[in-house]
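Here's the letter readout for the chains.
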Amino acid sequence: TYVPSPPDREVSRAPTQIRPRLPLLARTGTLRFVFSEGIAAMSSSWSRALTQISPYTFASIGIAISIGVSVLGAAWGIYITGSSLIGAAIKAPRITSKNLISVIFCEAVAIYGVIVAIILQTKLESVPSSMIYNPESLRAGYAIFASGIIVGFANLMCGLCVGIIGSSCALSDAQNSTLFVKILVIEIFGSALGLFGVIVGIIMSSQATWPAKTA
Amino acid sequence: MSTFTGDETAPFFGFLGAAAALVFSCMGAAYGTAKSGVGVASMGVMRPELVMKSIVPVVMAGVLGIYGLIIAVIISTGINPKAKPYYLFDGYAHLSSGLACGLAGLSAGMAIGIVGDAGVRANAQQPKLFVGMILILIFAEALALYGLIVGIILSSRAAGQWRLVKH
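Chains as they are written, first to last, in the UniProt record's numbering: chain A, 1 to 215; chain B, 1 to 167.
You may find that some hints are simply not true.
Derived list of chain B stretches under chain A, where covered just means 3 residues or more per stretch with a C-beta under 8 Å from a C-beta of chain A [claimed, not checked]:
| # | stretch |
| --- | --- |
| 1 | 24-31 |
| 2 | 39-53 |
| 3 | 65-75 |
Per label pair, the in silico range of CB-to-CB distance [what the hints assert, rightly or not]:
| # | chain 1 | residue 1 | chain 2 | residue 2 | range |
| --- | --- | --- | --- | --- | --- |
| 4 | A | T122 | B | K53 | 30 to 38 Å |
| 5 | A | T122 | B | K84 | 23 to 31 Å |
| 6 | A | K91 | B | T77 | 48 to 56 Å |
| 7 | A | S44 | B | V131 | 48 to 56 Å |
| 8 | A | L124 | B | A159 | 24 to 32 Å |
| 9 | A | S177 | B | V59 | 23 to 31 Å |
| 10 | B | V131 | A | N176 | 24 to 32 Å |
| 11 | A | Q121 | B | P48 | 33 to 41 Å |
| 12 | A | Y56 | B | E49 | 53 to 61 Å |
| 13 | A | S126 | B | A142 | 32 to 40 Å |
| 14 | A | L100 | B | V59 | 20 to 28 Å |
| 15 | A | S206 | B | I138 | 30 to 38 Å |
| 16 | B | V150 | A | Q121 | 33 to 41 Å |
| 17 | A | A49 | B | A122 | 50 to 58 Å |
Straight line, CA to CA, 27 Å or less: simulated DSS-like cross-link-like pairs of lysine-lysine [what the hints assert, rightly or not]:
| # | chain 1 | residue 1 | chain 2 | residue 2 |
| --- | --- | --- | --- | --- |
| 18 | B | K84 | A | K213 |
| 19 | B | K53 | A | K98 |
| 20 | B | K84 | A | K123 |
| 21 | B | K128 | B | K53 |
| 22 | B | K82 | A | K213 |
| 23 | B | K128 | A | K123 |
| 24 | A | K213 | A | K98 |
If you are wondering where the hints come from, they were derived from the structure by calculation, not from laboratory data.
Note that beta-carbon positions come from the ideal geometry of N, C-alpha and C, so glycine has one too.
Bound conformation, chain A alone (with noise of 0.2 Å):
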């Protein structure tokens, strides 16, 4: 059988109050939840584990992520292009020019991150201090940490891929200038990753909403 949670609780910072309970659990061997005058008595220990953690670390380290991790592949993909394509100039110097665009490609990826970084921190609220482990505050931490990590991971992982074809598009066009705009094509199928990473940070931070302040 099955009991769902209760709709309101207040929230008592005592840990000993769940202590009591487990062998209550252990002797039933049910997936039930047991709620004392204060917290609901999880059966997972993950639970018992995330509801000590504040929503604001969630989401203060998902948009430090979202900014820092996306620069770190804008930065790698723009020192290995750049180095490639630089190396490649000293016979070649027609190519610069054109072939900034491949940096360019990867400094998008640093802007994707920026812009994702200020939507996410402008969906930070305070709640009051009895609201900080509401399951709906416990929710909007989450949300904004996964939608941190999902852009910050994949505009990584884009800056790598168009920072490694940037390079070879530098050095195929300092060989025969025709294959620039063929190489370019595959550059362009890269760096629609971030775009996927964009969208979906997007999307899952309209899931961040704090639970009204008069409730």
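Since the structure of chain A is provided, determine the placement of chain B on it from the hints.
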């Protein structure tokens, strides 16, 4: 009074599943695009007329990113604790769905990259190898499709069909 039903920490696993789906698929797509792109660029120096035909591995790697995008959006719109309760079961189902699709996409991207790189370089020297390269790439793409199918099946389990007994 909260209208939030279900388990408090279940959205953590659900959102992490969506993140895993997209991030790992993008890793695979990036590897496939970059590795085969380098092969195309190297080959194109000698045979520029074959470059547009050789973009096929790049397109197939890009599709992996779209698979991850599909699963990530399905999961993300399935987490709505105000409309229907979101228990730990749903969270774990979404996590497994995202990991299945994402890691399958990562492995398929690695395969597509390596096969595409070798294939386009060999195709430049022996034009009859084009069909063979396409066949091998299709088998590699099927791996990501298996991950997408299993991901969709798992995330449909999270829609609450298993709860039969009401207290």
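Hint-by-hint comparison with the structure:
Beta-carbon proximity to chain A at under 8 Å applies to 5 residues in the stretch 24-31 of chain B; the threshold of 3 is reached and the given coverage holds. Interface restraint, the stretch 39-53 of chain B with chain A: holds (8 residues with C-beta to C-beta distance below 8 Å; minimum three). Only residues whose C-beta sits within less than 8 Å of a C-beta in chain A count toward coverage, and the stretch 65-75 of chain B has 6 of them, enough to reach three; the restraint holds. Distance hint check: the CB atoms of A/T122 and B/K53 are about 47 Å apart, inconsistent with the given range 30 to 38 Å.
Checked against the hint of 23 to 31 Å, the C-beta distance between A/T122 and B/K84 comes to roughly 28 Å, which is consistent with it. Checking the proposed 48 to 56 Å range against A/K91 and B/T77 shows it holds: the Cβ atoms sit about 53 Å from each other. Evaluation of the 48 to 56 Å hint for A/S44 and B/V131 yields a pass: the beta carbon distance comes to about 52 Å. Separation of A/L124 from B/A159 is about 31 Å and conforms to the stated range, judged on CB atoms against 24 to 32 Å.
Against the hinted window of 23 to 31 Å, the Cβ-Cβ separation of A/S177 and B/V59 comes to about 24 Å, which satisfies the hint. Judged by the Cβ atoms, the range 24 to 32 Å given for B/V131 and A/N176 holds: they are separated by roughly 26 Å. At about 48 Å, the beta-carbon gap between A/Q121 and B/P48 misses the expected band of 33 to 41 Å. For A/Y56 and B/E49, the Cβ-Cβ distance of about 58 Å falls inside the hinted range of 53 to 61 Å, so the restraint holds.
Evaluation of the 32 to 40 Å hint for A/S126 and B/A142 yields a failure: the beta carbon distance comes to about 50 Å. Taking 20 to 28 Å as the suggested C-beta distance range, the pair A/L100 and B/V59 conforms, at roughly 26 Å. For the pair A/S206 and B/I138, the beta carbons lie near 37 Å from each other, so the given range of 30 to 38 Å is met. The supplied range of 33 to 41 Å is met by B/V150 and A/Q121, whose beta-carbon atoms lie about 36 Å from each other.
Distance hint for A/A49 and B/A122: a CB-CB separation of about 52 Å, consistent with the stated range 50 to 58 Å. Simply put, B/K84 and A/K213 have alpha-carbon atoms about 23 Å apart, close enough for the 27 Å limit, and the pair holds. For the suggested pair B/K53 and A/K98, the alpha carbons sit about 24 Å apart, so the restraint of at most 27 Å is met. Note on B/K84 and A/K123: the hinted pairing holds, with a Cα-Cα distance of about 23 Å set against a maximum of 27 Å.
Our distance criterion of 27 Å between C-alpha atoms is met by B/K128 and B/K53, whose separation comes to about 13 Å. For the hint pairing B/K82 with A/K213, the CA-to-CA distance comes to about 17 Å; that is within 27 Å, so the pair holds. Simply put, B/K128 and A/K123 have alpha-carbon atoms about 56 Å apart, too far for the 27 Å limit, and the pair is violated. Restraint check: the Cα-Cα separation between A/K213 and A/K98 comes to about 55 Å, which exceeds 27 Å; the hinted pair is violated.
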